[in-house]
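Asker: Chain A is fixed; fit chain B with the ligands onto it per the hints.
One letter stands for each residue in the lines below.
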Amino acid sequence: MASIIEGYLGKRVDGTKSRMPARLDRWQSASGLFLGLFMWGHMLFVSSILISKDFMYTVTKMFEGSFLFAQPHPIIVTLSVTFVFAIFIIHAGLAMRKFPYKWKEYKMLKTHAFALKHEDTNLWMVQAFTGFMMFFIGSVHLYILMSNADKIGPFASSDRVWSDGMWPLYLLLLFAVELHGSIGLYRLCMKWGWCNGTDARAARKRLKKVKWAVTAFFLTLGLLTLAAYVKIGMEHRNDYGQRYHPTAIIAPLHLSAQEVPS
Amino acid sequence: MPDTAQNKGRMLTFEILQYNPSDPQSKPHMVTYHLEETLGMTLFVALNMIREKFEPDLAFDFVCRAGICGSCGMMVNGKPLLACRTLTKDYPDGVIRLMPMPSFKLIKDLSVVTGQWMDGMSKRVESWIHSKEEVDITKLEKRIEPEVADATFELDRCIECGICVSSCATALMRPDFVGAVGLNRIARFDIDPHDERTAEDFYELVGDDSGIFGCMTLLGCEDNCPKNLPLQEKIAYMRRKLANVKDTGGGLEIRVEG
Ligand code: SF4
Ligand code: FES
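Chain order of the listed sequences is A and B.
The numbers in the working numbering rise by one with no breaks, and the one at position 38 of the first sequence is 38.
The numbers in the working numbering rise by one with no breaks, and the one at position 102 of the second sequence is 1102.
So here's chain A without its partners, still in its complex pose (with noise of 0.2 Å):
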């Protein structure tokens, strides 16, 4: 009954204000945290394809939970690609608020955002654009990661790469998700005054400098994992759907040769 006099009247019963505001603007950051982090994480196991094959394949298995199992279970990808996807959709949500909704708002925000010429508008300007972008390109990448977790592999993945055609929109998610993210965490660090220390301007100059160094080395990281896949995809593509076979085991898997599977 509470919750229903709140709804109409917009007022709580005992007269004070909803603690949702609240709750909901930690639970925004705090998705951004998380997800802005895991996409550290994540380019750096992609990019382990860029040391060997047979690394990037001992990291994959080592995701399928080798070094629990005997066998590799892709089950235990699709459960945590559907964590991601759902924490994914959550910080969509919560910060698809923040957009001019409006044709009057989106009409300001753009002439204000031109004649101040200010770098962190700016900035977030590139974050909602490319924040609007994921909603499409992150979930297509998603979702397949998530109904084809078993392929995911030196092969698999160059052949998803490039003869599934996926290169393009790989690119487009890449300089998306580096941008978004870094300048998300950038952001955050403002927002909730974490790095400010005692002298929060010249912190703020520093953190600056230290997340373009960090969106430059993430897309150079990203461009030439990227192309790494696309070579692999166009040397493998004669032999499309077949599996990587490690050469040698960088890892102790506890995998004999007859169970690796092809």
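If you're looking for bench data, these hints aren't it; they were derived computationally from the structure.
A hint or two may mislead.
Claimed, not checked - Here are the simulated lysine-lysine pairs, DSSO-like style, with alpha carbons at most 27 Å apart:
| id | chain 1 | residue 1 | chain 2 | residue 2 |
| --- | --- | --- | --- | --- |
| 1 | A | K104 | B | K1108 |
| 2 | B | K1079 | A | K117 |
| 3 | A | K110 | A | K209 |
| 4 | B | K1053 | B | K1089 |
| 5 | B | K1105 | A | K98 |
| 6 | B | K1079 | A | K107 |
| 7 | A | K98 | B | K1053 |
Claimed, not checked - Just so you have them, the derived chain A footprint on chain B, three or more residues with Cβ under 8 Å:
| id | region |
| --- | --- |
| 8 | 1072 to 1082 |
| 9 | 1227 to 1238 |
Every residue gets a Cβ at the ideal spot worked out from N, C-alpha and C, and that includes glycine.
Answerer: Then chain B with the ligands, alone, in the frame of chain A:
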């Protein structure tokens, strides 16, 4: 001073919005003026010269001419600035476009009413000391630590110029947003030991999406405030404080009669 080629200033181009919303005939339009630059010319000087030479009824606001009263804020090439503190020499190409600050009610041309907006903000954040103590003005005021007094006065330096509002995309998109000036005011009373309000009390004033949680941390306020107030730091501090306010209320008492 003799009018030699040497001390002849460069020609400045001013593009100024002209519009009188209370005149149904008036349409917003830009008018261009050319004016010779003088030594140490501020926009205050330039606008007065334009009014004298070309446009007797050009409207703009100034009081103190010294960056103290906060009445001369305007959009200078897209940036909100105090016109009395803005030097024309800082515009190397000599083209200066002046618009009234958005988000405030326009009176005419460059003149806006920031007062009305600030009034609303002051009422909303209840910008006065809340104390149950009876103040006896014949006695000395309660002592407070000098550092605490300094911290309070530091935030009290706000001149209500409205520049933080006009440099904030959130405030422009969402006119009900309380703005950095309002959040700074909350932080000011939060520091002041004379004010007995708790975080719960402040939550009632700005604990929603048009208050502290509506701030998107675009930092236009922080980077444009002419008084250099530590807005990022203070808003972040209030956000941490209000985001963690405990929920004690909200319960429903049901009265059954008969
Ligand atoms: S906080 Fe700064 S920009 Fe905002 S009204 Fe006060 S002095 Fe002006
Ligand atoms: S005229 Fe007072 S601040 Fe500019």
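Asker: Does each hint hold? Answer for all of them.
Answerer: Against the structure, the hints come out as follows:
Taking the CA atoms of K104/A and K1108/B, the gap is near 22 Å; set against the 27 Å cutoff, the hint holds. Distance hint between K1079/B and K117/A is fulfilled; the C-alpha atoms sit about 8 Å from each other, no more than 27 Å. For a cut-off of 27 Å, the pair hint linking K110/A to K209/A stands: about 26 Å separates their Cα positions. Distance check on the hinted pair: K1053/B and K1089/B sit about 21 Å apart at the alpha-carbon level, within 27 Å; holds.
At roughly 25 Å between alpha-carbon atoms, K1105/B and K98/A fall within 27 Å of each other, so this suggested pair holds. With a C-alpha separation of about 17 Å, the suggested pairing of K1079/B with K107/A holds against the 27 Å cut-off. Between K98/A and K1053/B the alpha-carbon distance is near 47 Å, which puts this suggested pair outside the 27 Å criterion. Counting residues of the region 1072 to 1082 of chain B whose CB falls under 8 Å from any CB of chain A gives 4; the rule of at least 3 is met.
Under the rule that three or more residues need a Cβ within less than 8 Å of chain A, the assignment of the region 1227 to 1238 of chain B holds, with 5 such residues.
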